[in-house]
Amino acid sequence: MDKLGSKTVIGAGATFTGKIANARVIEVHGKVNADLTAEKVTIGEAGHFNGAIHADLVVVSGHYEGKMQAGSVWATATASISGKLHYETLQMDRGAALNCHIVHNWTAKNHNPAQSDNDDADQLLPAASDKAKNGAVPTTPEEGA
Amino acid sequence: MFGKNSVSPVTPPNHSQIDENVRIRGTITVSEPLVMAGHLDGDIKADTLHILSTAIITGDVTAQSVTIDGRVHGSIVADKVYLSATAHFEGQLHCQGVAIDHGAYVDAKFTKEPVTNG
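Order-wise, the sequence lines are chains A and B.
Using the numbering used here, the first residue of the first sequence is number 166, and each one after it goes up by one.
Using the numbering used here, the first residue of the second sequence is number 4, and each one after it goes up by one.
Bound conformation, chain A alone (with noise of 0.2 Å):
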C-alpha cells in the first residue's frame, strides 16, 4: 500500500464542494468551492478555489476568490485574488492580480490593535477627564504642592 507523504492533492479534473479540515499540505489544480483549514495551501496556474482559508502559508498561481487569513501570502504572477486577504507577510509577483481588500493582520501574540487601542483610550479618558477636573478645580493637592 502506498503512502501519500501527508499531501492532499486536488487535482486538475476534480471538483470539490465541502468543507476541509485539517489539511496539512494541500495542492489545488481543480475546481474547489470549501472553506478550508490548512498549513500550507497551493493553488496551482489551473486552480480556482472560492472559499475561505485559514493557513500558515498561501501560495496562489491561480484564481482564488473568498476571505483569506494567512500568516504568509505569495501571489506569484499568474494569480488573481478577489475578496478579502488577511495577511502578515505579502509577496507579490510582477504580473499578480489582487482586486481585493488587504488587511494587514497582526497576530495576537504580536501585537493587538484593539487591547492596545482600548488600553491607550482607557489611559487617554480618565487623563482626559483629570485635566477637566483639575481645570475646574485647580487646587488639587498635587497641584497645589
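Bear in mind the hints are in silico, worked out from the structure with no lab data behind them.
Predicted model only: the values in this text are computed from it and were never measured.
Check each hint, because a few of them may be wrong.
What the hints assert, rightly or not - Lysine-lysine pairs mimicking DSSO-like chemistry, simulated, CA-CA at most 30 Å apart: (1) A:LYS172 x B:LYS48; (2) A:LYS249 x A:LYS232; (3) A:LYS184 x B:LYS83.
Mind docking chain B on chain A? Use the hints.
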C-alpha cells in the same frame, strides 16, 4: 519563507489524493484517479478510486473501479469493486463484478447491474 526552495514546483498532477489527517464534509467529483486516505462525510464520484486503510467514508461512492482497504458506510456504484482483507464495508453495492479478500468485513446488499458512469 518565500524562497523558491520552500515551495515545490507546481506541476498539475493527473491524479488527486486526500491525506489521512484530512477531515472533509462535502462532495468530490474527479474525472481522474483519486486516492483517499482521510475521513469523508459525503459523496465521491471518481474514475479510479483507491480507499486506503486509514480512510473512513460515510456516503455514496460512484466510480469505474474501486479498491477498498478502509471503511465505507454507504452505497457503492461501480463497474469493478475490490475489497481487500482490511476493508470494512456496510451498505449497498451496485456493481458488475466484485472481488472480496479473505478477512474483509462486508455487511451489504449486492446488486449486479451495468454501470457506465464514474
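Comparing the hints with the structure gives:
1. A threshold of 30 Å between alpha carbons decides the hint, and for LYS172 (chain A) with LYS48 (chain B) the separation of about 20 Å falls inside it, so the pair holds.
2. Taking the CA atoms of LYS249 (chain A) and LYS232 (chain A), the gap is near 5 Å; set against the 30 Å cutoff, the hint holds.
3. As the CA atoms of LYS184 (chain A) and LYS83 (chain B) are separated by approximately 29 Å, the hinted pair is consistent with the 30 Å bound.
The structure fails none of the hints (numbered hints given earlier).
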